[in-house]
Structure formats: C-alpha cells, structure tokens
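**Student:** Per UniProt numbering, residue 1 is the first one in the sequence shown, and the count goes up by one each step.
To be clear, the hints were calculated from the coordinates, so they are not data collected in a lab. In this text, all values refer to a predicted model and were calculated from it rather than measured experimentally. The beta carbon of each residue, even a glycine, is placed where N, CA and C say it ideally should be. Treat each hint with caution, since some may be false.
Stated by the list, open to error - In silico lysine-lysine, DSSO-like type, Cα no more than 30 Å apart, as pairs:
hint, residue 1, residue 2
1, K6, K112
2, K112, K47
3, K6, K47
To be verified - DEER-style ranges, computed between Cβ atoms:
hint, residue 1, residue 2, range
4, E19, W90, 17 to 23 Å
5, F107, G23, 24 to 30 Å
6, L7, H85, 16 to 22 Å
7, I89, I37, 19 to 25 Å
8, V45, T104, 20 to 26 Å
9, T54, Y79, 17 to 23 Å
10, S108, S88, 26 to 32 Å
11, Y79, G111, 33 to 39 Å
12, K112, A27, 17 to 23 Å
13, S87, Y29, 16 to 22 Å
14, L62, L41, 27 to 33 Å
15, L62, D82, 32 to 38 Å
16, K112, Y79, 33 to 39 Å
17, S87, I37, 31 to 37 Å
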Amino acid sequence: MRLILKLLLTGVAVFVLAEILPGVQVAGYTSALIVAIVLALLRVVVKPILLILTLPITILTLGIFLLFVNAIIILMASYLIDSFHVSSIWWALLFSLLLSFFQTVLFSLLGKE
C-alpha cells in the first residue's frame, strides 16, 4: 500500500513539475503516473548499471556526477514514453533535482511505517 501511495505522490509531483517547467511536457495525470512507474523501474534496473559504469568519474567529481546519472534516467523515461517529453539534459537535470526535492518533502509527510 505504501508503494502505491509513493507512486501516486510521485505522479502528482511529475504532473506539477511538467506544468511549471517549460522544457518538460506530460500529456496528463495518467501519463504522469506512467512516468512515475517507469522512473521507479529504471531506478531499480538501470541506475545500478549506470553507477558502475560511471564510478570513476563519480569519484573524481566527488559524487556530483550522480546528478547527471539521474538526468540520464529522466531522458530515458522521456524516450520510452511518448506522452512525456524533456527537451534537453539541462531540463532533465532541473526536473530531477526538483522531483527529488518534492519526493523528499512528500514522503516525509507519510511518516515511517
């Protein structure tokens, strides 16, 4: 139940951010929910692989490159979902930062189990 609630809250955050950021478009709330699900799957499947592949540059930049790894995952979701579009890596980076912020705030409101 908690996972479903987190996906719904992420969908709301995606929808709101798409309305705010001009470089990010989502067709509607249903599409935002699909984006939330795809992002969760990409973070589970693809992110560990990207972390291993980018480990040297991540160490050199003291972890700052992880922001770009998150932006790449956003761009991958944009590529996979026709109703979700991010115009550049910079919009993906900003979207990723703001989405992480919103998720932190919203998930903290849920409390612990």
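**Student:** Is 16 to 22 Å respected by the C-beta to C-beta distance linking S87 and Y29?
**Tutor:** 21 Å, holds
**Student:** Are Y79 and G111 spaced within 33 to 39 Å by their CB atoms?
**Tutor:** 35 Å, holds
**Student:** Can the suggested window of 26 to 32 Å be confirmed for the beta-carbon pair S108 and S88?
**Tutor:** 30 Å, holds
**Student:** Confirm or reject the claim that K112 and Y79 have a C-beta distance inside 33 to 39 Å.
**Tutor:** 35 Å, holds
**Student:** Against the range 16 to 22 Å, how does the distance between the Cβ atoms of L7 and H85 compare: consistent or not?
**Tutor:** Because 21 Å falls inside the window, the suggested range holds.
**Student:** Does the Cβ pair L62, D82 satisfy 32 to 38 Å?
**Tutor:** 37 Å, holds
**Student:** Quick one: are S87 and I37 within 31 to 37 Å, going by C-beta?
**Tutor:** 22 Å, violated
**Student:** Determine whether the Cβ-Cβ distance between K112 and A27 falls within the hinted range of 17 to 23 Å.
**Tutor:** 34 Å, violated
**Student:** CA of K6 to CA of K112, is that 30 Å or under?
**Tutor:** 12 Å, holds
**Student:** Determine whether the Cβ-Cβ distance between I89 and I37 falls within the hinted range of 19 to 25 Å.
**Tutor:** 23 Å, holds
**Student:** Is the distance from the Cβ of E19 to the Cβ of W90 consistent with 17 to 23 Å?
**Tutor:** 19 Å, holds
**Student:** Keeping to a limit of 30 Å between CA atoms, is the pair of K6 and K47 held or broken?
**Tutor:** 19 Å, holds
When the structure is compared with the earlier hints, violations turn up for hints 12 and 17 and for no others.
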